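*Asks:* Between the sequences and the hints, there should be enough to build the whole structure, so can you do that?
Sequence lines, in order, name chains A and B.
To convert, count from 1 in the first sequence and add 9; that's this note's numbering.
To convert, count from 1 in the second sequence and add 15; that's this note's numbering.
Some clues are possibly wrong.
Below, in silico cross-link-like pairs of lysine-lysine (BS3-like), each with a Cα-Cα straight-line distance of 30 Å or less [claimed, not checked]:
#	chain 1	residue 1	chain 2	residue 2
1	A	LYS35	B	LYS171
2	A	LYS21	B	LYS205
3	B	LYS263	A	LYS144
4	B	LYS112	A	LYS144
5	A	LYS144	B	LYS197
6	A	LYS35	B	LYS141
7	A	LYS108	B	LYS171
8	B	LYS84	A	LYS144
Hints were generated in silico from the structure; no laboratory data involved.
All values reported here derive from a predicted model rather than from experimental measurement.
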Amino acid sequence: MSKQTLEFHWGKHHRAYVDNLNKQIKGTELEGLQLGDLVKHAYNNGNPTAYFNNAGQAWNHDFFWESLKPGGGKKPTGEVLHLIERDFGSFEAFADEFKQAAATQFGSGWAWLVGIPAGSHGEDKFGKLAIEKTKDAVNPLVLGHYPLLTIDVWEHAYYLDYQNRRPDYISTFIDELISWEAVTARLEQAKATINFYDVKMSSI
Amino acid sequence: MATATCSSILRATPWPSQILSSSPSLRKGNTRSSYRPIMMEFHLRPLPFEMDALEPYMSKQTLEFHWGKHHRTYVDNLNKQIKGTELEGMQLDELLKHGYNNGNPTAYFNNAGQAWNHDFFWESIKPGGGKKPTGEVLHLIERDFGSFEAFVDEFKQAAATQFGSGWAWLVGMPTDPLVENKFGKLAIEKTPNALNPLIVGHVPLLTIDVWEHAYYLDYQNRRPDYISTVINELISWEVVTARLERAKATINFYDVVVPDDQYKYK
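*Replies:* Next comes the structure, spelled out in structure tokens:
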């Protein structure tokens with residue numbers, strides 16, 4: 010991911026989302042909300058407000074930059090690897106599904122590794138990892154899911170370096186750039202709201 | 016059927032009779048020996064100009080990727096998706112309307128829509144284009160937008176604010192003659208991803224591609240500069256004029272006088 014790409018992607022696109030969001034919320038009761046809360050508020054249950062796109066994109070890009078690092082990629086270890094193997098079968102199966110989601114997000118959007126809380130009551134239940142893709146500025150927070158990793162597949166993220174070759178960009182991201190340390194830290198935080206392990210509910 | 020605006024080349028080939036016997040699906044309901052099944056695939060139509068002809072406004076490098084890779088891929092993938100199905104043989108505009116499936120799009124909709132949109136876009140631009148239209152196009156623009164400058168502002172606005180990937184359009188659309196005192200007018204629309212105005216029964220007259228791949232190599236994040244340049248230097252108003260003529264087959268753009276005592280809503 011070239012310096013030239015980052016000069017535009019971070020220095021122009023991301024900066025514009027932040028600047029425009031500030032203009033939109035200045036002097037309103039939204040000033041002072043955390044960005045994650047602002048995104049959820051703005052999503053307005055599927056009828057997004059005027060500032061949703063900027064809020065979502067500001068949040069998404071912060072999250073994306075933290076998801077990468079120089080000398081990244083390779084494989085995760087420890088609990089992240091354990092849960093990936095548990096919920097996808099193998100690390101390779103996870104990588105394939107992630108590449109597929111990122112490559113097939115038509116138009117602009119993002120692909121995510123998320124933690125999903127369990128949904129049912131009265132049974133053995135546990136949360137799990139899953140892969141999702143979203144369009145434009147949408148992210149898994151609006152669905153109540155917990156983002157752990159993302160890749161930006163808006164064309165501006167890869168066009169200067171890869172042009173139309175989005176699959177090459179995705180493979181390179183997985184092989185060389187993912188910060189599994191950041192994913193590990195986020196998994197720890199996710200545990201505050203999601204229990205990823207078997208739970209037995211005794212009858213009440 | 017808007018075949019004139021569907022400029023993909025269709026190859027209708029007479030097949031020898033041994034194909035008839037080996038392809039039972041092609042012999043539905045008619046086994047006369049004079050029947051020749053038609054097998055069709057869409058071809059990537061050559062650009063109507065040389066690849067460096069739009070420089071410096073749209074580079075040869077951009078066209079090599081945009082036409083040579085992106086557009087080509089939409090066409091190739093669409094052909095794979097419809098091959099051997101009953102969709103083979105449909106005109107591209109029918110295919111995309113069929114694929115839209117009233118808001119629940121099928122798997123081939125994106126490729127069909129994008130193939131059609133790109134054909135339409137390449138025809139909409141030319142070297143030495145831009146400036147102002149003349150004649151009836153200018154008259155209708157001034158009538159329906161107030162002035163050419165007002166049209167340009169609204170078109171730029173639509174193209175710049177189409178969030179994510181998409182297109183901005185000048186269209187002809189029918190109107191309620193009792194509301195607007197005419198049967199049809201020009202309007203500006205924007206659509207996301209692969210959608211286009213055919214879906215809502217409007218007649219496209221002009222488009223600009225605002226997917227990032229259309230401008231990123233030449234303008235990077237500066238989409239407004241790209242839009243202004245296309246408007247000032249590249250739009251083919253001749254093509255818009257020709258499309259307006261064809262649009263008149265289905266839209267009456269002019270005043271109608273309906274006296275109050277001769278028409279009442281139930």
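*Asks:* Does LYS144 (chain A) pair with LYS197 (chain B) here, judged by a C-alpha cut-off of 30 Å?
*Replies:* Roughly 39 Å separates the two Cα atoms, so the pair is violated.
*Asks:* When you check the alpha-carbon spacing of LYS35 (chain A) and LYS141 (chain B), does it fall within 30 Å?
*Replies:* violated (44 Å)
*Asks:* Are the Cα atoms of LYS21 (chain A) and LYS205 (chain B) separated by 30 Å or less?
*Replies:* Judged against 30 Å, a Cα distance of about 24 Å means the pair holds.
*Asks:* Going straight from one Cα to the other, do LYS263 (chain B) and LYS144 (chain A) come out at no more than 30 Å?
*Replies:* violated (37 Å)
*Asks:* Taking only the CA atoms, is the gap from LYS108 (chain A) to LYS171 (chain B) under or equal to 30 Å?
*Replies:* violated (35 Å)
*Asks:* Under the criterion that the straight-line Cα-Cα distance not exceed 30 Å, is the pair LYS35 (chain A), LYS171 (chain B) satisfied?
*Replies:* Holds, at roughly 26 Å.
*Asks:* Are the Cα positions of LYS112 (chain B) and LYS144 (chain A) separated by 30 Å at most?
*Replies:* Holds, at roughly 23 Å.
*Asks:* Quickly compare the C-alpha distance for LYS84 (chain B) and LYS144 (chain A) to 30 Å and report which way the hint goes.
*Replies:* holds (23 Å)
When each numbered hint is compared with the structure, violations occur for hints 3, 5, 6, 7.
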